[in-house]
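Since the structure of chain A is provided, determine the placement of chain B on it from the hints.
Protein chains: 2
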Amino acid sequence: MVVDAALTADEFSVGPEEDRLYRMRHSAAHILAQAMAELMPEAKLAIGPPIETGFYYDFLLPRPLTPDDLPALEARMREVVAADVPFAESRVPKDEARRLFADQPFKLELIDSFDGEEVGLCRHDALLDLCRGRHVERSGEVGAFKLMNIAGAYWRGDEHRPQLTRVYGALFATPEELAAYEHHLEEARARDHRRLGRELGLFYLTDEIGPGLPIFSPKGEMVRHLMETFVRDTQTKYGFQHVWTGHLVREALYRKSGHYDNYGDVMFPAMVDGDNVFRLKPMNCPSHMTLYKEMGVRSYRELPLRFSEFATLYRYEASGAIGGLTRVRSLTQDDCHVFCTPEQIESEFTRCLELIREVLTAYGLTEYRVQLSLKGEEGKFVDDPWKWETATQALRSALNANGVAYESVAGEAAFYGPKADFMAKDALGREWQLSTIQIDFIQPARLGVEYIGEDGHAHTPVLIHRAVTGSTERFLGVLIEHYGGAFPLWLAPVQAIVIPIADRHNNYAEQVLRRLNEAGLRAEVDQRTERMNAKIRDAQLQKVPYMLVVGDREAEAEAVAVRLRSNENLGAMSLAELVARMHDEVARRA
Amino acid sequence: MVVDAALTADEFSVGPEEDRLYRMRHSAAHILAQAMAELMPEAKLAIGPPIETGFYYDFLLPRPLTPDDLPALEARMREVVAADVPFAESRVPKDEARRLFADQPFKLELIDSFDGEEVGLCRHDALLDLCRGRHVERSGEVGAFKLMNIAGAYWRGDEHRPQLTRVYGALFATPEELAAYEHHLEEARARDHRRLGRELGLFYLTDEIGPGLPIFSPKGEMVRHLMETFVRDTQTKYGFQHVWTGHLVREALYRKSGHYDNYGDVMFPAMVDGDNVFRLKPMNCPSHMTLYKEMGVRSYRELPLRFSEFATLYRYEASGAIGGLTRVRSLTQDDCHVFCTPEQIESEFTRCLELIREVLTAYGLTEYRVQLSLKGEEGKFVDDPWKWETATQALRSALNANGVAYESVAGEAAFYGPKADFMAKDALGREWQLSTIQIDFIQPARLGVEYIGEDGHAHTPVLIHRAVTGSTERFLGVLIEHYGGAFPLWLAPVQAIVIPIADRHNNYAEQVLRRLNEAGLRAEVDQRTERMNAKIRDAQLQKVPYMLVVGDREAEAEAVAVRLRSNENLGAMSLAELVARMHDEVARRA
Chain A
1 MVVDAALTAD EFSVGPEEDR LYRMRHSAAH ILAQAMAELM PEAKLAIGPP IETGFYYDFL
61 LPRPLTPDDL PALEARMREV VAADVPFAES RVPKDEARRL FADQPFKLEL IDSFDGEEVG
121 LCRHDALLDL CRGRHVERSG EVGAFKLMNI AGAYWRGDEH RPQLTRVYGA LFATPEELAA
181 YEHHLEEARA RDHRRLGREL GLFYLTDEIG PGLPIFSPKG EMVRHLMETF VRDTQTKYGF
241 QHVWTGHLVR EALYRKSGHY DNYGDVMFPA MVDGDNVFRL KPMNCPSHMT LYKEMGVRSY
301 RELPLRFSEF ATLYRYEASG AIGGLTRVRS LTQDDCHVFC TPEQIESEFT RCLELIREVL
361 TAYGLTEYRV QLSLKGEEGK FVDDPWKWET ATQALRSALN ANGVAYESVA GEAAFYGPKA
421 DFMAKDALGR EWQLSTIQID FIQPARLGVE YIGEDGHAHT PVLIHRAVTG STERFLGVLI
481 EHYGGAFPLW LAPVQAIVIP IADRHNNYAE QVLRRLNEAG LRAEVDQRTE RMNAKIRDAQ
541 LQKVPYMLVV GDREAEAEAV AVRLRSNENL GAMSLAELVA RMHDEVARRA
Chain B
1 MVVDAALTAD EFSVGPEEDR LYRMRHSAAH ILAQAMAELM PEAKLAIGPP IETGFYYDFL
61 LPRPLTPDDL PALEARMREV VAADVPFAES RVPKDEARRL FADQPFKLEL IDSFDGEEVG
121 LCRHDALLDL CRGRHVERSG EVGAFKLMNI AGAYWRGDEH RPQLTRVYGA LFATPEELAA
181 YEHHLEEARA RDHRRLGREL GLFYLTDEIG PGLPIFSPKG EMVRHLMETF VRDTQTKYGF
241 QHVWTGHLVR EALYRKSGHY DNYGDVMFPA MVDGDNVFRL KPMNCPSHMT LYKEMGVRSY
301 RELPLRFSEF ATLYRYEASG AIGGLTRVRS LTQDDCHVFC TPEQIESEFT RCLELIREVL
361 TAYGLTEYRV QLSLKGEEGK FVDDPWKWET ATQALRSALN ANGVAYESVA GEAAFYGPKA
421 DFMAKDALGR EWQLSTIQID FIQPARLGVE YIGEDGHAHT PVLIHRAVTG STERFLGVLI
481 EHYGGAFPLW LAPVQAIVIP IADRHNNYAE QVLRRLNEAG LRAEVDQRTE RMNAKIRDAQ
541 LQKVPYMLVV GDREAEAEAV AVRLRSNENL GAMSLAELVA RMHDEVARRA
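Going line by line, the protein sequences match chains A and B.
Numbering-wise, the numbering used here puts 231 at position 231 of the first sequence, and it's gapless, one number per residue.
Numbering-wise, the numbering used here puts 267 at position 267 of the second sequence, and it's gapless, one number per residue.
Bound conformation, chain A alone:
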């Protein structure tokens, strides 16, 4: 995670054990500034904080910087490091600082923005910089670094202020750690789901359809379908029912539910026909509550009711915020709303937790942490302190009862209540927010949802909002990167490719195909006039789990020569053996 330094550099905090790394990165940023000031004396220096993987510095430059400039900058930095010059900190009155940085407008603005009468400085070699302190003693101690890339960034993150040039550097204590990080980056690049999505022919983003609105090929749809079927089946096993409520509602419903006031910015523009105004659904909750009401008066005996739906929701995210499958405008949530009594919150939370654990485990996402997202002072939250307090207490005690460790973050709640958000680590150790369980005391009352209690009186049920994988689109993006495109057999859109060695084996290849299809396996025959090795290579590039080569010998023996995408050669196998092996692999979701 890159901390957005223009906004939060001042608040960047590290534990004591990270202090050394902080000092190294902070010092390297100063050295980068020196190298830039020497390369382009007209450069105006902005800000240069350490970040989680190194450092950066923002500059206003007299000409565009290109990747070709980085080697010269890096070489100059290495000279300064080799010279092992000392870093010297000092403090001066603001007026003196203003004189020292008279030709550096960003520094002048920073000086004005600081509290107190004095500001900190740091001098090393040729450079004097404004500075809050904490450096290495000498430049020879900065560790292993590399300039990585160039990006644009607005001064103070404000798009109305000048656009600056940001140079990123990676920095770790040892060359080995730097190499590991570079390897990780390369891995992440190789697994980039946008690139893999197109190479594997899974999904496409086009101008014709619109930004953030992916469309899915037969292969991509198959993966979606398998993912949703798995969650649906697991939900059914855990006692969740499925409902269907379409993709739009009258806007008036969102005025009543609070979405219009608190979530209006994220809705697609209205469809207006005189007094008839419709909105695409950004969330299912009001529709599920309407269904609950239509189904007639419920007794406490009928609760909990658990309405799940794979509805595609539409959110009008800013066009700058969308990209690939992980930031989309169309998201098919595996959404659920549990209507229950206050007494049932804990057991229903436990049920949701078990469902989430079972599903994430099946995908090999066994490592995750839980964030308790709470109401903040600012931001859009329905104003009802007592209900917030009650919901937050209920969620905390459900987490505690289940022995779930969590950290609290203020300001990250939904507008209607607190959330337990599950941050799962993928195969590369990157964190993704996927599952969520939310407690809502607010919406059901606003929409007049009721049940008749044991006392014969009407009560408002609690609403638990819950998503397992989050959304099909986003989760697929995560899975593509998690698996590097090599889906496990049960998820692979094409599970096997039959490769006839010569044209005369096409008939037998078709027989094999039929046999696999009849066994419910997804296979294709590659009848192109390519050579066998080319076909195997193409199948491996497409990350097809099984390649089944068939020639004279195989046709005679009713067998196939089996090769895996890992290039492992399993040799000849009868069709029955193959089908049994594949069925077993699918059943184990191996």
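Think of the hints as simulated: they come from the structure by calculation, not from any bench.
Note that the coordinates shown come from a computational prediction; the quantities given were computed from them, not determined experimentally.
No residue lacks a Cβ here, since even glycine has one placed at the ideal position from N, Cα and C.
Just so you know, not all the hints are guaranteed correct.
[What the hints assert, rightly or not] No farther apart than 30 Å at their CA atoms in a straight line, the calculated lysine-lysine pairs in the DSS-like style are these:
no. : chain 1 : residue 1 : chain 2 : residue 2
1   : A       : Lys237    : B       : Lys543
2   : A       : Lys293    : B       : Lys535
3   : B       : Lys237    : A       : Lys237
4   : B       : Lys543    : A       : Lys293
5   : A       : Lys535    : B       : Lys237
6   : A       : Lys425    : A       : Lys543
7   : A       : Lys535    : B       : Lys535
[What the hints assert, rightly or not] Calculated Cβ distances over 10 Å to all of chain B for the following chain A residues:
no. : residue
8   : Arg132
9   : Glu176
10  : Tyr204
11  : Glu208
12  : Leu248
13  : Tyr263
14  : Gly296
15  : Ile322
16  : Glu358
17  : Val382
18  : Asp384
19  : Lys387
20  : Lys425
21  : Glu454
22  : Val579
Quick look at chain B alone, frame taken from chain A:
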């Protein structure tokens, strides 16, 4: 089917064998007009044609007519019939007719609208009416009739003209036929899917969500899901692939495809954010063509490509035209677009035909006729005579090659090409337009869809549009009426209800439930404190196929006492026997 007489009465045509019935119904309409003119002398007479089940007459009346008025009208009609008065036809110059009907403004308008110098008249008993002829000789010959109901209708079907009162009568040659028709009506009323849908708790239409936008309960969703899974599996078996393209696109795509010009009236209002204008998808074709293009250049060797999708489409039907599930604004089509070469049209048509036959047969819809819907002189059709001619010829020869009998109807084509529409008869003999196969030479060219032919040059593929059940919503409406709500076991949302005789049998009932669930069967336990007979009655009203009563004896024998919704008592059955029986019934879709 009620012919909309205000618009088409003049074109109403019958075969010679139906001439007698036509004369009877036509004459009865005159007798109804006489009775009305006597009841309310100020009544203005409009038009009174025969229709498929009888006749009607439209009047402008001095006061609202109520069902209480019908007995008096009918009694007076019977008197005229009993009097056995003759019908006398004549022709007079238009000027004389204008004098005769000076106080009948609708007749005057009709006189002006007719070609020629003369108009026809008909006199019987006290009434002189404008008339095109063909009556019975005497009023005693009109057959068995009954006044049925009252409706509103605009003069000439134009909502800007006066609203008239329409009185409907049923009329058949014999009392037996009339009784059979009334029985049929009663049956249809008992099977009305709107009433059954609510009674069985399947779906709801609400003001909150919006007109024509049904939402589905867990039971309704289960039936939808089973229907779509069945079609999906069958499509897969027939070599169709599935894609996913969401629910909206940029409006510009519909300007290019021709939908904006030719189908704009039926689209939901635009979502407008400055230059960014989106539309809900009324059809999938442009999205599927966009996907085809994104997937890269196709060779003729890769054709045909068959893109199926269960996408919910949105059509902004006039609010007067919507009701229940059969006229909705949200329709989840089982849509498919086959991209193929001209040479492949026939085999692809055959494939579609076989798929349609297999699916309709599984639902017991074995009787259907095919209508070849052609371009008309008027209406919105893309103007490209050569392509229309080519597509129509291709569709005709595909129908002929498959030995499919059909009748041609002009003006019913899609805007982009001719259609073969399948009109299936349900259990009551009513016709529903369900499946369709359409040939389109127009859209692929407009969107620049291409493939590289054997000659190495780019060609435009033919697009075959195809739907099997039409849409999930509409087909479910038809199925509810077809089955009278008693879904066959494979489709029943709840397949069995376990009924414990006393509270002490609840535990065993839960065991039975688990066993059924593990066997993939959908069951519930009725643990209410009602008496057993009340529970059985409720289960029968809910049309649950199997009622499984469990008491001491059953618990001891690990058995259940099986009763069917037909009230047939199958006696005690072991759980293994029951599961085997139900599995077999599901597999046979019995």
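Violating hint indices (sorted, rising) = Hints 7, 10, 11, 12 and 14 contradicted; others consistent.
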